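With chain X held as given, fit chain L onto it using these hints.
Protein chains in written order, with the working numbering: chain X, 1 to 379; chain L, 1001 to 1103.
Just so you know, these hints were derived from the structure itself, not from any lab.
Treat the hints with care, since some could be wrong.
[To be verified] List of simulated lysine to aspartate or glutamate pairs, DMTMM-like, C-alpha gap at most 20 Å:
| # | chain 1 | residue 1 | chain 2 | residue 2 |
| --- | --- | --- | --- | --- |
| 1 | L | K1031 | X | E333 |
| 2 | L | K1044 | X | D117 |
| 3 | L | K1044 | X | E160 |
| 4 | L | K1003 | X | D13 |
| 5 | L | K1044 | X | E226 |
| 6 | X | K211 | X | E96 |
| 7 | X | K95 | X | E179 |
| 8 | X | K25 | X | D13 |
| 9 | L | K1003 | X | D284 |
| 10 | X | K51 | L | E1028 |
| 11 | X | K325 | L | E1028 |
| 12 | X | K59 | X | E165 |
| 13 | X | K59 | L | E1038 |
| 14 | L | K1044 | X | E165 |
| 15 | X | K211 | L | E1028 |
| 16 | L | K1044 | X | E96 |
| 17 | L | K1044 | X | D225 |
| 18 | L | K1031 | X | D341 |
| 19 | L | K1031 | X | E165 |
| 20 | X | K84 | X | D218 |
| 21 | X | K59 | X | E204 |
[Claimed, not checked] Simulated restraints on C-beta separations:
| # | chain 1 | residue 1 | chain 2 | residue 2 | range |
| --- | --- | --- | --- | --- | --- |
| 22 | L | P1034 | X | L246 | 30 to 38 Å |
| 23 | X | I274 | L | L1016 | 34 to 42 Å |
| 24 | L | S1041 | X | K123 | 19 to 27 Å |
| 25 | L | L1023 | X | N26 | 31 to 39 Å |
| 26 | L | K1003 | X | G108 | 52 to 60 Å |
| 27 | X | N6 | L | V1017 | 23 to 31 Å |
| 28 | X | I274 | L | L1023 | 45 to 53 Å |
| 29 | X | R203 | L | G1026 | 31 to 39 Å |
| 30 | X | A71 | L | S1041 | 34 to 42 Å |
| 31 | X | L246 | L | L1011 | 26 to 34 Å |
| 32 | L | L1011 | X | L35 | 13 to 21 Å |
| 33 | X | I243 | L | K1031 | 29 to 37 Å |
| 34 | L | G1026 | X | E140 | 31 to 39 Å |
| 35 | L | Y1010 | X | A138 | 50 to 58 Å |
These figures come from a predicted structure and were not determined experimentally.
Beta carbons: idealized from backbone N, C-alpha and C, even for Gly.
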Amino acid sequence: MATWLNRQRSILDFTLSSLWKRKGKNIGLLLVFTLIVFLLASVMFFTYAIKREAQIILKNAPEIVVQRVIAGRHDLIPADYAKKIREIRGVISAKERLWGYYFDPIVGANYTFMTPDPFPLGKGFIKIGKGISGARLAYEGDIMPFRGFDGKPLNLEIREVLSAESELISSDLVLLSAEDYREIFGLPQGVATDIAVSVRNPREIPTIARKITELFPDTRPIMRDEILRTYDSLFTWRGGLMIFILTVCLLSFIIFAWDKASGLSAEEKREIGILKAIGWETSDILAMKSWEGAVISLSAFLLGVTLAYVHIFFSSALLFEPVLKGWSTLYPEFRPVPFIDFSQVLTLFFLSVVPYTVATIIPSWRAATLDPDSVMRAS
Amino acid sequence: MRKSGLFLSYLAVQCLVLILFALEAGRERQKAMPLLREEASMVKQWGLTDLCLFTEARYTRHPSQADLHTAFQDHPFSLEHFPSGSLIMPPERLRRHSGNMAQ
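Only chain X is shown next, with the shape it has when bound in the complex (with noise of 0.2 Å):
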């Protein structure tokens, strides 16, 4: 074993000198290497850690929000049917949600306007979140103007800015009174923007949503299940942006391959006409063919995915951080809680290190088993 674990040893050695007499060449095959490596596992880390923080957050959302929908687009609802859902058996609250959309001119954002059923602070008073409190400077006890459907300003007063931990679910947030919300939207009585349904058992959700549907047929009921689906395939490899990575990444990895596979160069093919003139057999440049991959793309494979972690979870995604932003005057400051998925990791290892290290061992198999005389001259 000791004998064996020597010979590696050597092999190892005199590979390392190999690959730094050509180290213009290994370098840069490694710095690209370990690119690829490190922008795989940081789009790995990212969407698995977002989709496990969606699954835990949001796992407490309406069991069955019921939207109205007219020609094809969500309409308001009108509060008679909470009355009637809430006759349904198993249901135990149907509750009517008011919520939009508010465009804000001053930051030219988006804030999303919420009315919390109790809305403990009354008339007059909001909650904002962070991202609304940074880009326009407003905070407690601060007035915040908001223009209302007909043109006339409504003053709130600013009774507290929701923590910065929060701001993956609030970070646009206005929290409001129902008063409040309709007065600014010219919103009448009697209508809402859909209805929140509580279910006893959660098992009779879907026979819930099926009577809904029945009862009321220009209605589309949204299961919590559903909407926990629509996270799981958030930044899904079948999105736009992920395929056009995967795609640049996988052909990068094919060009590599391709390059080790379809033949040595001529200084490579000496050494190892050489090498076997000198007595080395089959197996021991294999071994060092095998020592070579390996090399490269364990170097690699290990120094990509330790930055694409320090990239993810220390930094924040930064380099994400433009794409994920898109138009959006407010993104949420937030950082990953690092959610793991070790089975990625494993088959990146798999689709990186084993591919690259059989490529290279490919065709210095061909040219060790040739005459070491014809290898020579040939080269």
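Then chain L, alone, in the frame of chain X:
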């Protein structure tokens, strides 16, 4: 020091760093759980349905509440053009019922 020794030391250090990251991740997750639970209780209290990830368009701010028309809201042949639209898939409900525009 032999070159192989240097390389193996590098591998060992890298592996150690990754192990430390994995341990740190576990600790961070534990630390974050109360905050995540607090956010979950806010979701329940305020009746929220979506994360505040993309605020640029209403169907990206609340993807779970979107309907099939929202992505084409600006004019009849308007293609979906918000950058975050390329990061998210339509809700499964819409993909399932894509033939039925009213659903």
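Point to revise | Straight-line alpha-carbon gap X/K59 to X/E204, limit 20 Å | key: Judged against 20 Å, a Cα distance of about 17 Å means the pair holds.
Check your understanding: For the pair X/L246 and L/L1011, does the Cβ-Cβ distance stay inside 26 to 34 Å?
Key -> With a Cβ separation near 27 Å, X/L246 and L/L1011 satisfy 26 to 34 Å, so the hint holds.
Exercise for review: Below or equal to 20 Å on CA atoms is what counts here, so check L/K1031 against X/E333.
Suggested key: holds, 18 Å
Point to revise | L/L1011 versus X/L35 beta-carbon gap, inside 13 to 21 Å or not | key: holds, 20 Å
Check your understanding: Taking 20 Å as the top limit, are the C-alpha atoms of L/K1044 and X/D225 close enough?
Key -> holds, 15 Å
Review point. That 34 to 42 Å hint for X/A71 and L/S1041 (C-beta), does it hold up?
Key: holds, 37 Å
Review point. Are L/G1026 and X/E140 spaced within 31 to 39 Å by their CB atoms?
Key: holds, 36 Å
Check your understanding: L/Y1010 and X/A138, beta-carbon distance inside 50 to 58 Å?
Key -> Given range 50 to 58 Å: holds, Cβ gap about 52 Å.
Review point. Is the hinted pair L/K1003 and X/D284 satisfied, with a Cα-Cα distance of at most 20 Å?
Key: Holds. L/K1003 to X/D284 sits at ~18 Å (cutoff 20 Å).
Check your understanding: Taking only the CA atoms, is the gap from X/K211 to L/E1028 under or equal to 20 Å?
Key -> Violated, because 44 Å separates the two Cα atoms, which is more than 20 Å.
Practice item. For the pair supplied as a hint, X/K95 and X/E179, confirm whether the alpha-carbon distance does not exceed 20 Å. Key: holds, 16 Å
Review point. Taking the beta carbons of X/I243 and L/K1031, is their distance inside 29 to 37 Å?
Key: With Cβ atoms ~35 Å apart, the hint holds.
The structure shown violates the earlier hints numbered 11 and 15.
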